[in-house]
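K.L.:
Residue numbers (our numbering), protein chains in the order written: chain B, 73 to 317; chain A, 294 to 1130.
No lab work stands behind these hints: they were computed from the structure.
Where hints are given, some of them may not hold.
[Stated by the list, open to error] Anything over 12 Å on all C-beta distances counts as not near chain A; from chain B, calculated:
id, residue
1, Phe92
2, Gly120
3, Val295
[Stated by the list, open to error] Just so you have them, the derived chain B footprint on chain A, three or more residues with Cβ under 8 Å:
id, segment
4, 328–340
5, 609–615
Please read all numbers here as calculations on a predicted model, not as lab measurements.
Glycine is no exception: its CB is placed at the ideal position from the N, C-alpha and C atoms.
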Amino acid sequence: MTTTSALAASMRAGYKDYGFGEMAVRALNGVNVDIARSEFTAIMGPSGSGKSTLLHTLAGLDRLTAGTSSISDIEITALTESQVTEVRRKNIGFVFQSFNLIPSLTARENITLPLDIAGTSVDGSWFDEIIGILGLGDRLTHLPAELSGGQQQRVAVARALMSRPEIIFADEPSGNLDSRSGAELLGFMRRAVKEFGQTIVMVTHDPTAASYADRILFLEDGVIVDEMREPTAEKILDRMKRMGS
Amino acid sequence: MLRIALKNVKHNPKRLILTAIAVALGVSLVAATHVFTNALSSGFSALFNDIYDTVDVIVEPDPDAQIDLPEGVSVFQESDIDKVRATAGVAAADGNLTYPGVLLDKDGKAPNGGQGGPPTLVINWSTTPDLAGATVIDGRAPAADGEAIVDVGAFAKDALALGDTIKIASERGVAEFTVVGTARFGEDNNTQGATLVYTTAASAQLFAGVDGFDGIQALVTDGANPDQVAEAVGAVIPEGTRALTGEQKAAEQAAEFDQVLQYVDIFTLAFALISLFVGAYIIANTFRIIVTQRTRELGLLRAIGMRGSQVRSMILLEAAAVGVVASTTGLLLGWGLALGITAWLERLSGDIFGTITLPPDAIAWGYGLGMLVTLVSALLPALHAARIAPMEALRESGTQSRKPLRTRNIVGVALLAAGGAVFAIGLFAGFDSPYVFVGFGGALLVLGTTLLGPQVLVPLAFGLRGVLTKLFRLDGKLAANNIHREPRRSANTAAALMIGVMLLALVATFTQSLKATFSEQFSTANADFFITPTAGPVPQAALDVVAADADVAYVSRVAWEEVQVDGATRSLAIIDADTADLAFGYPHDRDFTELAGGVFVDPAIQAQGVGVGDSVTIVGPATTQTLTVTGLYERDGDANYFVDWETGSQLVGETAIQQAMVGLNDGADPEIARDRIESELAVDFPLVQLQDASELQQFVNQFIDLFLTIISALLGSALVIAILGVMNTLLLSVTERTREIGLLRAVGLRKSSVWRMITIESLVMALFGAMLGMILGVAVGAALVRSLADFGFSSVAIPWRLLGVYTLLAGVAGVAAALWPARRASRLDILKAIATE
């Protein structure tokens, strides 16, 4: 897909309410955000700040109450449900915190799942390259239950990369992993950004995880309150402390 | 614990709904039958009371006595009635005579072609009002011979007018009556559809061809006790007859009718049990799935101190709660069903039902069966739940170890082997009653197949994976995986359908073979026409008319009677020996013309060592004859002994002709001959009809098809339950796979693809169950037919057309069963589905 825009995703005046009337909770309160191509963006914020909601609405898993959001040039808020499904399939990859894989499919089948869904053929050299980088070569015929947590998440990342999507959304991808496996996984994600120019947006509350990103957006009460470039774990911790107070 | 159990049921009503429906459907069948027969019983008992209400004492032949009277001589003569009238306490007495016929239409033709329908009863009119059983409404009572009055219902239906001449045909010929009035039977002319024609005693006797009466009815004087009068009357009536009060007669008839209804109850109970048996698979499946889904929760309960036995009781309590709700629903459903059916029937045939209640036996059967089947089916899952360790609570969900299928396989193989062995014994060992072995072996084979289902399903699903992936790509692959993932569950689901379809296929094979057997026999018929009886036996006078036709070469008669030989009841065929072989290709070692006053014996008798030249002593209703065996009959199931008409008449006295075969002269045009013969018959015997071989075959096939239709309809509820089972399994597994489906949707699977995935899964299970069912059903059906060779089944036929229909229906059912689960799966909220706890 050829695009003229430099942005992989964007949101303008994004509002998201849950519930109605008195009971309504505003999760997003007028968010404006641009996600640049080939950048690793992290979204941080305390629980309830709306960071997961931001990710879901950007990715077209959930709909905004008001405002617009786009993936590259496609304004997904104007699309029907089935059109959004098409966009997700062609342009978006996902990595969730857990339960990323279909238990009945092997690692290889899970990785090629989006291509199978789209009915497109598998690019063998691209597959081999991803598998090589993620170190999954000897695990391809295993079922998810036979893989460690770290391996499962790497399979999920491989799947997300496989269709060369416009953008990958990751929701606490290292949240369930021990620190070594987590660091490994985030390292791979960073390499994907640097070497393949992959765009990644990641939600996390872990400063160490966020420090792998190029840019961090801080969210509080449904609004973006700050932004940080070239982050380090210390800088992030420091910023988080100020948020709490 | 009861509280937790009830809360579980209340919290997850959805996953138990279909289970409850399965039980309720089975129960409703039982309940509806009981309500229906109960209402019918009370309705008829009221009717019998009406009939005998005005009559105090009834005199009739004793049903236990054997009275041998020559043709045309009645049990009661006018002198007997006089004796009754003279008995102390009798105020009035009259003979009564009823003889069936068919009221012909204005063209002199039998309505319906003379086939079936309620009869016309010709009854002598009693001038004593309370003994007539009917009241004159218009015109006047019949006074002169040949006058008649018709019941008001038939009078209106047939658009008769006073002064009309009506024709009534019986096996004895056609009689004409002049209508002089109308009568109302009882209080509201409730004749159950029959047409009543009252005429003088002399006319009725002429019509019936007798010289007296069937019975005597009497009224007692005021203040006399009917019981005592009946006793006194009993002393003066002929031997072999009895006197009883009207009240006793009504009670007796009601009891006899109830006896018949009991068979109806038992018959439908059998089908209800099949439904519940199929339902049991679904209940077991549901509880197994629920236990698996709640493994962590149950583990937690164990961790905080609940004993294994308490977990077991809790699951059984849940089952009991489901059983109570389902049985209640089933009872009410059955009641409603019975109300609907009775209302519909009453519109068709008048007020034949008493008050419609929910009788205690319906409630007892309903709750008994409903609770039993639910609890028994939930037992294994409950025992499994009791073994869940507290550690399970701490495990990640979705990692439960799968119980090995070894025990199941061993039992399955053992059952299959035992079933096969018994099956083979039945088919080849040559014991008596081989069909018992075949039936029992067949049941074992079915159970074994059910248990081995997972073993068959795993390779099958894997084999299909390739095909399905080719056909439907990813959707097909995922569907095959899902079936393969829970082989036990998928197999049980398919098994429920398998049993229903198996029974269908079995009955279809059976009826198809029956048709084939008949058509094979009819194909040896050389006669141009067949005459079969419609009302009573075929009258000889009618055959004389046929034989007199210029084109008719011969009329060959057949009759069957029961006789005693060496103390055993045997069947005897009586034939016209000189023409039988012209008319029909009977299988025997020499022609019937060589009977020569002797007897041919069939294979069953030959097996006793009886051969040509031996003598056989046959005890018939009239005389005992010792006959020489002059030939061998070579087909089972037709009759044990064959004698010529002369010998037969000596054995049984007056022979009732059951069939006649008519052959035409060479060169005669069958159509022209038929038209002429039929118009010759129409004069005196409008009820006698000619049929050619293909019409006769069609006539027989109609009955076979009707039988198949009734059985199929009764199996319908089992099939509906099986389809509910497929739906239930899919719904539960959609719930189980919520996150997985959410993930697939998140990475871009279309809703339509999710729908397709579930539908393929459903289709594979439905078709797999139907196929296995058809294979088993045809195999067991064919074997049963073979084992019934002694009853004349000569060929096995496979009902290919019906099997095609069943496959198609299974496919449609598969798609339909997937509708709800697929709708749910495709509408899952992705965010909720993928949300972590």
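K.L.:
So which of those numbered hints doesn't the model satisfy?
P.N.:
Hints 4, 5 are the ones this structure does not satisfy, whereas the remaining hints hold.
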